[in-house]
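Top line first, the protein sequences correspond to chains Z and L.
When we follow the numbering used here, the leftmost residue of the first sequence carries the number 1, and every step to the right adds one.
When we follow the numbering used here, the leftmost residue of the second sequence carries the number 432, and every step to the right adds one.
Source of the hints: derived by calculation from the structure; they are not laboratory data.
The beta carbon of each residue, even a glycine, is placed where N, CA and C say it ideally should be.
Do not take every clue at face value.
Said to hold, decoys possible - 30 Å max Cα-Cα, derived DSSO-like pairs, lysine-lysine:
#: 1; chain 1: L; residue 1: K541; chain 2: Z; residue 2: K99
#: 2; chain 1: Z; residue 1: K306; chain 2: L; residue 2: K825
#: 3; chain 1: L; residue 1: K737; chain 2: Z; residue 2: K251
#: 4; chain 1: Z; residue 1: K306; chain 2: L; residue 2: K541
#: 5; chain 1: Z; residue 1: K426; chain 2: Z; residue 2: K76
#: 6; chain 1: L; residue 1: K497; chain 2: Z; residue 2: K251
#: 7; chain 1: L; residue 1: K698; chain 2: Z; residue 2: K306
#: 8; chain 1: Z; residue 1: K388; chain 2: L; residue 2: K845
#: 9; chain 1: Z; residue 1: K110; chain 2: Z; residue 2: K388
#: 10; chain 1: Z; residue 1: K304; chain 2: L; residue 2: K737
#: 11; chain 1: L; residue 1: K737; chain 2: Z; residue 2: K110
#: 12; chain 1: L; residue 1: K756; chain 2: L; residue 2: K698
#: 13; chain 1: L; residue 1: K857; chain 2: L; residue 2: K682
#: 14; chain 1: Z; residue 1: K66; chain 2: L; residue 2: K825
#: 15; chain 1: L; residue 1: K825; chain 2: Z; residue 2: K414
#: 16; chain 1: L; residue 1: K698; chain 2: L; residue 2: K819
#: 17; chain 1: Z; residue 1: K414; chain 2: Z; residue 2: K110
#: 18; chain 1: L; residue 1: K674; chain 2: L; residue 2: K845
#: 19; chain 1: L; residue 1: K737; chain 2: Z; residue 2: K426
#: 20; chain 1: Z; residue 1: K362; chain 2: L; residue 2: K845
To be verified - A few chain L residues facing chain Z, derived, Cβ under 10 Å:
#: 21; residue: N502
#: 22; residue: R504
#: 23; residue: S508
#: 24; residue: S622
#: 25; residue: L834
#: 26; residue: I835
#: 27; residue: K845
#: 28; residue: P848
#: 29; residue: Y849
Stated by the list, open to error - To spell it out: a stretch of chain Z is covered by chain L in this simulated footprint if at least three of its residues, at any positions, have a beta carbon under 8 Å from a beta carbon of chain L; those stretches are:
#: 30; segment: 255-265
#: 31; segment: 355-369
Number of protein chains: 2
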Amino acid sequence: MRGDKDLKGKGEKVISGLKGNCIVAQSGGPTAVINESLCGVIQEAQRHEEIEEIYGARDGILGLLKGELINLRKEKSSTIDGLKTAPGAALGSCRYRLKSWSESGKDFEKIIEICRRYHLRYFFYIGGNDSMDTANKVDEAAKRMNYQLVVIGIPKTVDNDLVFTDHCPGFGSAAKYLAISVMEAGRHLESLYDSESVIILETLGRNTGWLAGSCALAKRSPEDAPHLIYFPEIPFSLDKFIKDAREVYHKIGGVFIVVSEGLRDEKGNYVCARKDRISTDAFGHPELEGISNYLKEVIESQLKLKTRTIKPDVCQQSAVHFASKVDMEEAYLVGRQAVKSALEGKSGYMITIRREKGRVYKRRTSRAKLSLVANMEKRVPPGWINRKGNFVTKEFIDYVRPLIQGEVDVPVQKGLPYYPRLEKRKILAKK
Amino acid sequence: MRGDKDLKGKGEKVISGLKGNCIVAQSGGPTAVINESLCGVIQEAQRHEEIEEIYGARDGILGLLKGELINLRKEKSSTIDGLKTAPGAALGSCRYRLKSWSESGKDFEKIIEICRRYHLRYFFYIGGNDSMDTANKVDEAAKRMNYQLVVIGIPKTVDNDLVFTDHCPGFGSAAKYLAISVMEAGRHLESLYDSESVIILETLGRNTGWLAGSCALAKRSPEDAPHLIYFPEIPFSLDKFIKDAREVYHKIGGVFIVVSEGLRDEKGNYVCARKDRISTDAFGHPELEGISNYLKEVIESQLKLKTRTIKPDVCQQSAVHFASKVDMEEAYLVGRQAVKSALEGKSGYMITIRREKGRVYKRRTSRAKLSLVANMEKRVPPGWINRKGNFVTKEFIDYVRPLIQGEVDVPVQKGLPYYPRLEKRKILAKK
Chain Z
1 MRGDKDLKGK
11 GEKVISGLKG
21 NCIVAQSGGP
31 TAVINESLCG
41 VIQEAQRHEE
51 IEEIYGARDG
61 ILGLLKGELI
71 NLRKEKSSTI
81 DGLKTAPGAA
91 LGSCRYRLKS
101 WSESGKDFEK
111 IIEICRRYHL
121 RYFFYIGGND
131 SMDTANKVDE
141 AAKRMNYQLV
151 VIGIPKTVDN
161 DLVFTDHCPG
171 FGSAAKYLAI
181 SVMEAGRHLE
191 SLYDSESVII
201 LETLGRNTGW
211 LAGSCALAKR
221 SPEDAPHLIY
231 FPEIPFSLDK
241 FIKDAREVYH
251 KIGGVFIVVS
261 EGLRDEKGNY
271 VCARKDRIST
281 DAFGHPELEG
291 ISNYLKEVIE
301 SQLKLKTRTI
311 KPDVCQQSAV
321 HFASKVDMEE
331 AYLVGRQAVK
341 SALEGKSGYM
351 ITIRREKGRV
361 YKRRTSRAKL
371 SLVANMEKRV
381 PPGWINRKGN
391 FVTKEFIDYV
401 RPLIQGEVDV
411 PVQKGLPYYP
421 RLEKRKILAK
431 K
Chain L
432 MRGDKDLKGK
442 GEKVISGLKG
452 NCIVAQSGGP
462 TAVINESLCG
472 VIQEAQRHEE
482 IEEIYGARDG
492 ILGLLKGELI
502 NLRKEKSSTI
512 DGLKTAPGAA
522 LGSCRYRLKS
532 WSESGKDFEK
542 IIEICRRYHL
552 RYFFYIGGND
562 SMDTANKVDE
572 AAKRMNYQLV
582 VIGIPKTVDN
592 DLVFTDHCPG
602 FGSAAKYLAI
612 SVMEAGRHLE
622 SLYDSESVII
632 LETLGRNTGW
642 LAGSCALAKR
652 SPEDAPHLIY
662 FPEIPFSLDK
672 FIKDAREVYH
682 KIGGVFIVVS
692 EGLRDEKGNY
702 VCARKDRIST
712 DAFGHPELEG
722 ISNYLKEVIE
732 SQLKLKTRTI
742 KPDVCQQSAV
752 HFASKVDMEE
762 AYLVGRQAVK
772 SALEGKSGYM
782 ITIRREKGRV
792 YKRRTSRAKL
802 SLVANMEKRV
812 PPGWINRKGN
822 FVTKEFIDYV
832 RPLIQGEVDV
842 PVQKGLPYYP
852 RLEKRKILAK
862 K
């Protein structure tokens, strides 16, 4: 079964005009707009006669491994359209890691077997940097096994840490949700400075401070929250943290602090990480927790100021009800573009977003090799964090502001949003 | 100074047609609609010639103690109107406890002195059960000191625990925000059941499960989150909790749990409370924290299921961006009604909301004696929690659903809400 084809220059091989079925899957943590990309793929695929059946894999790559496919052409077009404003991953997602060819060739044999069985020629994988590693490995496996498959990655992550793309769909909506949370909680705090003087809000962001930094959007005047932001990119010093908080307290009378979950000390170790097995995911990332609780204890013991903590956790990944319209549009765009790009026949790429130069925000899509994107991480540039390492600069704000623009109307039923699911989620009988 | 007037039957004394200035203050934790009540007071007061100046006290009763008053007639009407959709307490709030007359008569002397100095005849206090205790004490002090003052309480609390009122302004919006958070986070969870199987969301609710129970609104189909809800009203058993979670997991593949911060064990002690001084507020309430983190550890060690926690904390008190229109309207209504009621001359009452019988939701206002409302707590009735003590019944849902209806448009500026502040917050020069 195993091919021994020379892998060099493989990305350049063009398989155009290929007729067959396509499959789309979602991977990693969902975002508010991950289903928008799914819609983009489905609705664009429907426009091209080269694409016959449109399948969805259940739970990301696991669906391909287990042969759990659903037929998306059986869904009503209104259901597909309705998914645009549904949180979660409509097809299900996973955090499964494909090992290397040498370690786990069997996984790849299974995947390619399913591809042959269902005559799959186009594979669209919506995910972040771990997921792009998966997509890249599937691409390599197909080439090794001489199976004609066009693999295209579709960027998705609230973390905004994919390389070669100006930003990632999902990030804008999470940034918008966090900014409004800080804005509202900040007003709450300032009402009660005398009795509850400090709030610490903990954002996602294992290794990058994109989400934490975006909270700065909430600040329109000097007294507005947030007052201090801490980033994984800047080694965290407890002494400096206490000094910063004391200074703000003496100036303003209260302190609103935003911290990224993944703060690291000067040696590069996470300030708060658990190392037991259950807390480490398939990609070997340790679970981060407790940074806000830990810093609350520090503030209370050192500064004797009553402190509250806010941990929106997955709410920042799923808040469709206040999503960014720009983000939604772009998530749809990269989904459509993935199909167009696949039909050109070049496999092994992820769709990227490029920002045009100029004062008015404009973007266009492009692409980058999956092998260069996989597992890489884009951090906040040093010049976008202030010298004290406790807030963003104007450059950061100018970068993120266009990405949170525009409101989205969600359909409401009895006072709460109506979020549809796929209707015919039945898994195809194995052929 | 101290009067020795017989206090019996004092609530019945009528002081009608009294001309003078009024003062309004906000107290305790803000809600999404606390400023709506403030608007109601101001805009109604503007309609009556008996009321001359309209003052606001800074930071609740502290403003009266310190003589920190602002002149609300100096604000533009557009600013007052804009406050309707502003989070936090526009006048500032406090958690200051007035002691009894015998312990701290000086506080009362100061307050009545300020009343005399500013010719205050109407005192409106927007707050929860602790704040109604404050209002009641001010009312008693005025009577003792033969100072003609009409004191009216305006109900406000996300906790929904005030007695004699069907429900409390602030609750509906918090309930709506929590329900949507559970709905969205629930969809996130079900996408990833294989890798992250459990979410625990912690709501406010020191002694009552109104907010935790309201999360049940998110459930429209049997698989929907939340699956389990735990209430302060039901003694918490760890064994039962583990059994419940295991059952849901085996049935559905994942578990979404809502817990009230104030769970108590069978002896009536908080499951998680800190007892150091900094964590206890002026009313002697210990700080509750860590219940979700604690239960996460329990699930991970006992069931070996990866668990995430969500703690919206003050975001559930301040989320104007998805507030309930019914709640907003009622907050305004009780503010207006407080003024009307005051002008009838009966002092020492809190405005209440009564629900009319019938299938269609209708309410009207009424009033209850402050002395009977102060410090009392309304709990979720036993029949509104299921027999297993881990979910609500239909009665609970029928009660809460009308309170979350209707959406509120917040003005948006550059992708985020525009939340105004009072413009002329200058404190009056002390006369």
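Against the structure, the hints come out as follows:
no.	hint	result
1	L/K541 with Z/K99	violated (74 Å)
2	Z/K306 with L/K825	violated (39 Å)
3	L/K737 with Z/K251	violated (42 Å)
4	Z/K306 with L/K541	holds (28 Å)
5	Z/K426 with Z/K76	holds (14 Å)
6	L/K497 with Z/K251	holds (21 Å)
7	L/K698 with Z/K306	holds (28 Å)
8	Z/K388 with L/K845	holds (27 Å)
9	Z/K110 with Z/K388	violated (52 Å)
10	Z/K304 with L/K737	violated (34 Å)
11	L/K737 with Z/K110	holds (28 Å)
12	L/K756 with L/K698	violated (40 Å)
13	L/K857 with L/K682	violated (60 Å)
14	Z/K66 with L/K825	violated (40 Å)
15	L/K825 with Z/K414	holds (15 Å)
16	L/K698 with L/K819	holds (19 Å)
17	Z/K414 with Z/K110	violated (46 Å)
18	L/K674 with L/K845	violated (49 Å)
19	L/K737 with Z/K426	holds (27 Å)
20	Z/K362 with L/K845	holds (16 Å)
21	N502	violated (20 Å)
22	R504	violated (22 Å)
23	S508	violated (21 Å)
24	S622	holds (4 Å)
25	L834	holds (9 Å)
26	I835	holds (4 Å)
27	K845	holds (7 Å)
28	P848	holds (6 Å)
29	Y849	holds (9 Å)
30	255-265	violated (count 0)
31	355-369	violated (count 0)
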